[in-house]
Each structure stands twice: as structure tokens, then as C-alpha cells.
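Assemble the complex: chain A is given as a structure, and chain B must be docked to it using the hints.
Protein sequence lines correspond, in order, to chains A and B. Just so we're aligned: the first sequence equals residues 1 to 113 in the working numbering. Just so we're aligned: the second sequence equals residues 1 to 112 in the working numbering.
Hints may be right or wrong, so weigh each one.
[As the list claims (entries may be wrong)] In silico negatives: residues of chain B with every beta carbon more than 10 Å from chain A: (1) Glu15; (2) Thr19; (3) His34; (4) Ser43; (5) Ala46; (6) Glu56; (7) Gly60; (8) Tyr72; (9) Asp84; (10) Lys104.
[Claimed, not checked] Think about it this way: if two alpha-carbon atoms lie no more than 27 Å apart in a straight line, the pair counts; the simulated DSS-like pairs of lysine-lysine are: (11) A/Lys57 - B/Lys57; (12) A/Lys18 - A/Lys69; (13) A/Lys69 - B/Lys99; (14) A/Lys57 - B/Lys104; (15) B/Lys78 - A/Lys71; (16) B/Lys78 - B/Lys57; (17) A/Lys65 - B/Lys58; (18) B/Lys104 - A/Lys65; (19) B/Lys69 - A/Lys71; (20) B/Lys69 - B/Lys58; (21) B/Lys99 - A/Lys65; (22) A/Lys57 - B/Lys59; (23) B/Lys69 - B/Lys57; (24) A/Lys65 - A/Lys18.
[What the hints assert, rightly or not] Rough simulated footprint, nothing fancy, chain B against chain A, three-plus residues with beta-carbon under 8 Å: (25) 8-14; (26) 32-45; (27) 75-87.
Derived from the structure by calculation, the hints contain no laboratory data. Idealized CB from N, CA, C, for every residue including glycine.
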Amino acid sequence: EAQVTQNPRYLITVTGKKLTVTCSQNMNHEYMSWYRQDPGLGLRQIYYSMNVEVTDKGDVPEGYKVSRKEKRNFPLILESPSPNQTSLYFCASSLNRQSGGYTFGSGTRLTVV
Amino acid sequence: ILNVEQSPQSLHVQEGDSTNFTCSFPSSNFYALHWYRWETAKSPEALFVMTLNGDEKKKGRISATLNTKEGYSYLYIKGSQPEDSATYLCASPRLRDDKIIFGKGTRLHILP
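Extracted from the complex, chain A is given alone in its bound form (with noise of 0.2 Å):
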């Protein structure tokens, strides 16, 4: 089944603790990207990667980084979480930024305290 993979789906963590959402997908895309998705601000998107080794910051990128080995995974890491970051996240995925629609993983509630 063609499909965005997203762990955890929710997360409890403390401020400080390094942590990683991971995001895995088997459809041979290009385009992978994060959201975050707050009340009354939609859905933000946080980093993207056009390609295997090709990142880009998006419009909220400040306390994450990402990375993109191989084509299919794009974890999205927290060094130092704070309770600002505390959110619901979305891995997406598209064949091109362009042409195709996302799909999406199932998304990560993380609460940091």
C-alpha cells in the first residue's frame, strides 16, 4: 500500500531532550516536507527537501533540522525541545512539488513540558 509512515503518533517529552519523529514513504517521491499544525495559524511548513540530499528551510524552521540520506526517509529532530515547539506535526509527501498532490503521514502529536 502507497503510504506516508510517520512514528511516533504522539509524544510526551521534557524541555531539553533531544528527540526524532521519523517519516518513511514507498512511493519513490521527490518532494517530502513538515508541517506544523496550530490552532488558528493552519497548517506551517517547517522544512522540505526537493531531493536525496537537497534541504530547505520553510516558513518555521527555527529548533528543527532535518535530513535526507536516501530518498524515502526525512526525520525531523528537536535538539533541544521547548514548549513552543509543542504541536501536532505532518510528514508529506509528493512525486513533485508541482504536479502531484501530498500525501500524508498520520501525524505526530508532541506535547513538550
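Chain B alone, transformed into the frame defined by chain A:
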């Protein structure tokens, strides 16, 4: 228009009625326009990807039109059903960089 904007923010529609809402986007350097349907506690799902001015796409009772010259797209739902209750998002890739920008969505409530 500098960003992707959607209106209205929220909409209540009687079951059986038809409805529509709007997505506005920067018309200069247009690339594509995506529509998504997002049900509560699920992930957004792609409805349409539109690229050509005058494009019209249809999926069951849902259809969308595109005007790239004036920078808007309409989503229409004919004969609303309870299962149509969701947030409808539009998104547009930006030419000047490689970002894909989302509107804040229209939250549709179908009243029985």
C-alpha cells in the same frame, strides 16, 4: 495577494443543500493549486491538483474550478451529506522558492 487565503473560515450548511467556498492565491508566477479534505482526527487527503486556467475537476459531488489570471479557485459541493463535514484546505507551490503554502482552511459543518 501574497499568500494563500481561504474564505469563509467556517460554514454551516443544511444537509442536502449545495455550497461553495473560495481559495485565493498569488496569480503571478502561478504553478499549481491543490485542494485537500481533512476530517477530524485524520490526515489531509488530496482531492484535486489543478494547473491550467479554466480547469474544472470533479470527484463525485465535489468539483473545483480554477482561474489563474485572477488568482482564485472555487470548491463546490452538491447536495451536502454529513460525511462532507471536514476542513477543506487549498495549497499552492511558490515559484520563487520551492515551498508549498497552505491556506488556513474552510471548516464545513453539515447540519442534519
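Now for the hints, and whether the structure bears them out:
| no. | hint | verdict |
| --- | --- | --- |
| 1 | Glu15 | 27 Å, holds |
| 2 | Thr19 | 21 Å, holds |
| 3 | His34 | 5 Å, violated |
| 4 | Ser43 | 4 Å, violated |
| 5 | Ala46 | 3 Å, violated |
| 6 | Glu56 | 17 Å, holds |
| 7 | Gly60 | 17 Å, holds |
| 8 | Tyr72 | 18 Å, holds |
| 9 | Asp84 | 19 Å, holds |
| 10 | Lys104 | 4 Å, violated |
| 11 | A/Lys57 - B/Lys57 | 32 Å, violated |
| 12 | A/Lys18 - A/Lys69 | 20 Å, holds |
| 13 | A/Lys69 - B/Lys99 | 20 Å, holds |
| 14 | A/Lys57 - B/Lys104 | 20 Å, holds |
| 15 | B/Lys78 - A/Lys71 | 40 Å, violated |
| 16 | B/Lys78 - B/Lys57 | 14 Å, holds |
| 17 | A/Lys65 - B/Lys58 | 39 Å, violated |
| 18 | B/Lys104 - A/Lys65 | 25 Å, holds |
| 19 | B/Lys69 - A/Lys71 | 36 Å, violated |
| 20 | B/Lys69 - B/Lys58 | 21 Å, holds |
| 21 | B/Lys99 - A/Lys65 | 17 Å, holds |
| 22 | A/Lys57 - B/Lys59 | 34 Å, violated |
| 23 | B/Lys69 - B/Lys57 | 18 Å, holds |
| 24 | A/Lys65 - A/Lys18 | 11 Å, holds |
| 25 | 8-14 | violated (count 0) |
| 26 | 32-45 | holds (count 8) |
| 27 | 75-87 | violated (count 0) |
Hints 3, 4, 5, 10, 11, 15, 17, 19, 22, 25 and 27 from the earlier list are contradicted by this structure; the remaining hints agree with it.
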